[in-house]
Structure formats: structure tokens, C-alpha cells
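Undergrad: Here's the letter readout for the chains.
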Amino acid sequence: MSENGNYLLECRGVTKRFGGLVAVNNVDFYIKKGEIFGMIGPNGSGKSTLFNTISRVYSADGGQVFFNREDITHVPPYAITVKGLGRTYQGSKVFPSLSVLENVIVGRHCRTRSFLQDAIFRTPRLRREEKEGREKALRILELVGLADRKDTRVADLPYGLRSIAGIAIALATEPKLLMTDEPAAGLNPKETLTVMDLLRKMRAEMGITIFLIEHNMRAIMNTAERIMVLNYGSKICEGTPREVSADEQVCTAYLGRGYRIQG
Amino acid sequence: MDLLPQFIMNGIIQGSNYALLAMGLSMTYSIMRMVNFAHAQLYMISAYLCYSVMKYWISNYLVAIVLATIAGAILGWLIERIVLRRAQRQNLFVISLGLVIVAQEVAFIIWEGFAINFSTPLTGLVSFGPVTLTQQKALVIVVAIVVELAVLMFFRLSRFGKAMVATSANEDAAQLMGINAHTMSSAAFTIGTLLAALAGSLVGPLFSLTPGMGTPLSITALIVIIFGGIGSIGGAIIGAYTIGILQSVYAGLASPEWSTLVGFVILIIMLSFRPRGLFGRE
Amino acid sequence: MSNSTLKKVLGYVILIALLVAVPLVINNLPGRAYLFHLLCIALIFSILGMGYNLTMGFTGLSNLAHISMFSAGAYVSTILVQRFDVNYWLSFLAGALSAVVLGAFIGVPSLRLRGTYFSIITIAFAQVVYIVERNWFSVTGGTDGLLEIPNISLFGIDFLNKMNYAYLFIVMAVLTFLLVKALVQSRVGRAFIAIRDGADLALTTGINTTMYKIISFLTGSFIAGYAGALYAPLMRFIDPEDFTLGVMLNVLSALVIGGARTFWGPIIGALFIIALPEVLIPLRAYLFLIQGILMVLIIIYFPGGIMGGVYKLMGWWKRRRSAGGANK
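Residue numbers (my numbering), protein chains in the order written: chain A, 1 to 263; chain S, 1001 to 1282; chain P, 2001 to 2328.
Treat the hints with care, as some may be off.
As the list claims (entries may be wrong) - With a Cα cut of at most 30 Å, we get these calculated DSBU-like pairs of lysine-lysine: (1) P:Lys2318 - A:Lys150; (2) A:Lys150 - P:Lys2181; (3) P:Lys2008 - A:Lys131.
By construction, these hints were calculated from the structure, which means they are not laboratory data.
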């Protein structure tokens, strides 16, 4: 049990090894409800591995993960999503052969119940869920600004919009915490701004806490309220964007000695 | 129990055959991440080619082996260049299933479906202590050992071989060592089919030739590399002899009908409990 | 009624009329017994292919043991009828259920593996089933197979006339089509497709991927099982050679050529492999070769198969027409 009821996510001593390599080393941190929490670090510093360990795509080799004060270290990944922890992937993974709308409806899977017998006999439950699912999915698409593309196959979307479709899928799972892995990677500055605005809007309108990995320094410094820095799998620093960018260790990790990070 | 040494010897002969096939299959997987289900089809084609060369052209068995092996390697090279290179990686396995159909049908059309007995001049007998075997069988064992040593040396000593080992562990290694990834795939596939073709012209004469003879061998070679650990050449060699001997001893002492089951049961147990195989790396 | 619903209803009416008419027409043709036999075989392979499409096409599981479940349905239903005098329709059900049991036995351990490893272990299981069928003489008749399988009878109607088989199989094929369609277009089917498109993403989107893979595998097995139970009385004779890896490859190539991941693909594929040898008699010797080459070409250059091509063409036609309309 976590002592502080305000913590939505808390990691204690989380460790992940691949063979001899320690990819995530004894990382402690917490995220408060309603916060936008950022994570930065050089390539290969273990950010995505930490994400995968928290969301249980990997199982941790040590430490504990608490979500909403509940230990989720050994809960299967699909059940974690049901508890309200949604995520997106690096390189904006989506379900490429389905349309944008269908992608979001798949996201509602864990909020719906209809099963084999409903599918075969087209029960009222199935009809109700299909109708509701469509409406809710459309609302999400309007929020993220993809409503006019709802019937496009996601594989045919331009790259920038695919990232947003990835967020829309996660949003459809009705998360309390959204972990998003480099949503602005490969986007131009304007698209990056749109994505960051979207994250802020989700927090403001839906009360979703955000956990963000981002390589674009300017974007993350302007979006996140607190930032954690990972290097070689270990946390080297945590604080407000201003504090982090002033930290000498961070600058060394990123740019070598004698440079400053531009906020 | 007097027959046990003979059964073990038969197992070693089978094992030699499996080893020649499994090494190539393992290379193809390591470099191209392709499980080539059509691998032993080249064995089948080259066995037929060897037979045809001897029957219709040059009756020298040695020349026939060389010609059939080279033809098999060229065919393999062409398949990699024309078909496999154009395909997406995740489709390679299903494509190899298509190639199984194509190869079998080609053989069926050219050589027809009847079993062909293919005899070579090597009919004399050789004795090793309690066991006696034909020169043909002795040749299989000796050539297999020589080829195994050559392949192991190739991977340990030559620059290209070392690059292949590095590439199997990390796909970017080929580029880092200045070798084109296409060249690497081409080489791995061609060497693999060359070994399969060699096995076909050597082992083919021990059994009758049919268009369907490849598929069970492909399956066994797969069992061998999974048993020995996918990607490990040494594991493939050890796995080949182990499975060859197990099958032959079981067939001799217990029941020949159920002996083919041995391999599959081993495979299912391996995949269920230790998918990396005995010598597989993590 | 809107124009598009009208079109849809009209389409269904034509389809039903065709399904009713084809056997009637065949009944008046010379060589009708053979034609009915071909039609029935094509329908069985359609049903088998539709089940396979569920696992292989929509869920992306390259299962090579599908034929084993087909054989389980055929053997179990026949043995019940012949040895235990069980009513055909009860043994039909038992055949389908036995396929589900075998499917669970094969699928549950195999589905822990991914990709090609999964395919390989299913080949191994299929070979085990095949070897058992060949060698368990007292039950399966070994290589001799099971002979003189009785005809089906329903409501006192004897199925001596092959036309009755044709109608029965048409009904079963339609039911299977509707079952697959209903599943794929539901929450369950979307989970299947999500697994195929990205297993990790599906998992963290809240889909219990292991459970849905097993459901897909077992539903496919169930369909294969009743296809087998229909196959045996039609052939009047089954042996292990009906259920080899070679036949499995034939089913796979039919699906790939017809169009995996489309509802009509398995039907077109089955018609393709059954009807083409009859139409292209001079090319008969090369047909399986052509089939193999087509399969390879389609996977590389045209992953949608024939039906994928048809849908693309229809989409292109629609776009062209609507563009033409806008110009007016």
C-alpha cells in the first residue's frame, strides 16, 4: 500500500534485466493525480523498457508498481488496462487494417461485454453496445480532431495523424492515467504543438493524468509539470522543467560536459 | 541386443543426413529469420538430378554428385534472388509452403510419381568392428563429418563466416562489418541449399526417390534445429545425430510404425518447455 | 427504403435464387452424379476454408493442424455411426465437439508460442494425429481406413440422390458464412483482427489475447469438425491420406488464392481448386503446380487474393463513378 492517497502511479525499485544487461535499474518515482509527468533520457536509457514494465508487456525482475494504491506488479496487462492505465507505443502502433473508427471501437473492448452468444444471436446487448460504442468512439474522434477521417484505413493515414489515432485508441479504454511514448516523434513543429495541446486538453476536460516520454525538449519542457531523467536505466534527476534543465548531470548525459539544455 | 550396434550405425547415417540438412536450415533462419519449410525440396530435386545425370549423361557418380550439388546451389541462389528477396519477412514461412507445392509438382511432372531406385557403383562392403555397411553409407558418414568440420571452421575462421555469426545475433552487424545485407542473405541461402543438394545426391541412393521424399525430411530437420537450439550450428549437428540414433534404435527395438512419432514428441516437448533448444542462446 | 438497402435486398434475393437453382439445373444435366459430387466437395472445402479463415486469416494464426480437426470430425462421427449405431445427427454433433476437444488439446499449448514457432508445433501435432490414424488399426482401420460409411438420412428422406447432399451442404455453408460474418463483425471478431494487427497493442488495449486466440482456434476447429462429419458420408470412405499435410497445404493455398481475410475468399478459393481442374482439362497435370506458383505470387504481390482484387476493383469503380457524378 502506498502511504499517499494522492499518488496515482508509484514505482518502487523497479528493475528489468535482459540477460546480463540492466535496462531499468531500481527506479523509484510517483505521479500525482491530475499531473502531467514527463520522462526524458538519451536513446537506450530504458524509457520505453520502463513503460513496458509498468504496463506489464514485460514482467519486472524486481520492485513493485502501484496504481491507484493497488499493487499491479503481477496483474496481466489487459487487466491493468481495465483498471484505468492506458498507453500508446513508440512509432504510434495502431491496428493498420481497420478504419479509424474501428480502431477506437477496439479501444472500447474492455468497457463492453458482448460475447460469442451475443454475436451469433445478435442480442439486444450487442446492438446496444454497438450503438453506444459508435457514438462514444465518434465523440473521441471529435475531441482528437479525426472525425472527418473516421472511415479511412489507419494504414492510409498520414504519419502525423496515426500518432493521434494511437492516442484515440488509448483514450477509448477510458484511462485514469495515459502513458504516451514519444507521441510527437517524426512530427513537424506544428503537429507537435497539436499533440501537446491535445494532451493538455485531455487533462483539462477529462481529468486524465498524463505520463509522457518525449524527445523534443521544447515540447516536454513546456508541457510537463515535473520531469524525471533516466540514464543507463537509472533515475539521475527529478524536478520541475527549470530544475531539470539546470542540473549538471542531465546536461552531461545528454550533450557532454559544458552544454546547457534550451528550455 | 546383437543388433544394437547396427541400429546405432543406421542412426549415425540418418544423423549425417539430418546434419547436412539442419546446418543449412539453421543458417537460413539465423540470417533471414526464415523457417524454410521447402529446404529439403532441394535435397529431393538434386537426388533426382544426380540420378538423371548418371542415367542419361555421364555415368560417373562423382561427377554426378558435383553437377547435382552445383545445380542445387544455383537453384537456391535463384530462388533467393527471384522470390524470397521480394517478400516481406513475416510471409517467408508461408511462401516456403508454396515452394513445397511447386517443387513437388515439378518433380512429379519431370520424373513422375513412381518410386525410382537409384543405384551407385559404391556397393562394396566395409566393416567397422561389429557392423558392416556399404561403401555408399560409409561415404555419407565421412562426407558429413568433413562438411561439418568445414562449416564450423568457416564460421570460426573466415571473415565472412564471422560476419554471419554476428549478423545472426544482431541484424545490424552485417552493415557494421561492411557486408551488404542482401549479399549475406544470398550467401546463407545458397550455402544452405548447396548442403541440402549435396545431402540429396549422397543419401538419395540409400532410399527410393519420390517427389514427396522432401517434406518429412524438412520436418525432421526442423525438429533437429529446434532440439539443438535455433541458430546454433554445433547444436544442429549434435541434435541431428541424437535424433537419428533415437529414431533408428526405437524403430529397431520397439516398433517401426510408431518410430516417426519419436521426433514429433521430442519437438512438442522441446517447444513446450524449452523453446530455445538445448544449445540455444537467450 | 433507401436505394442502397434495396440493392442489398435484391442481391440477397438473387443469391438465394441461385443457391436454390444450381442443384436443380445440375439435376437435369448429363453426368449429374459427378457434378453433384464436385459441388459437394467444393462446399465442404468452402466450409473448411471459412473456419480456417477465422484463425489463419482474421486472427493471423498460421495454424497447420486445421486438417487434424477435420479428420477428428470425420473419424469420430463415422465410428459412432458404424460401431455404436448412433443417429447420424447426434454423431455429427459429437464429431464437431470432438474437433473442439482436439483443438483445445493442440491449441492451448501451441498458442503460447508466437509466429513460426506456433506453425511448427502445429505441424508436429498434425503429424502425431496422422500417425495415430495410420497405426491405431483397431479404431481407425489404419491405412485401410473406414469403408462403407452409411448415407445420411433426415426426416425419413434418404440421401441416395446426391441433390439432397447438395442442398444440405448449401444450407451448412450458408450457416457457416453467417456464423463467421457475425463473429468477425462483433466485439469478438474485432479482438481477433486486433490480435492479428498488433498483439502487444491489443494486449495493452485491454484484450485478453490468449483467451481470444484460443476462442478463434476452437471456433475454427468446431467448423472443421462438422465439415469432417459432412465429408465422411459424402465420400462413403475415409482413410488417413484424406488428411495429410499435403491436403492441408491445398486448403491453405485455396484460402490464399481466394483471399484470406475476406468473407468470400474461402468460397472462391474452394471453387477455384475444385472447378478449375474440370474446366482446364489439358492443363490438369500442371494444375497443382500453377496453384503453388499462384500462391507464392499472391503472397508477394497481391496479399488480398482474388477477393481482395475484386474489392479493390469495386472501390475503384465506385470512386470513378462518384467522381464522374460530381463532374456533371
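Undergrad: All the hints need checking, so say for each whether the structure fits it.
TA: Evaluated hints:
As the CA atoms of Lys2318 of chain P and Lys150 of chain A are separated by approximately 19 Å, the hinted pair is consistent with the 30 Å bound. With a C-alpha separation of about 22 Å, the suggested pairing of Lys150 of chain A with Lys2181 of chain P holds against the 30 Å cut-off. Between Lys2008 of chain P and Lys131 of chain A the CA atoms are separated by roughly 21 Å; this keeps the pair inside 30 Å, and the hint holds.
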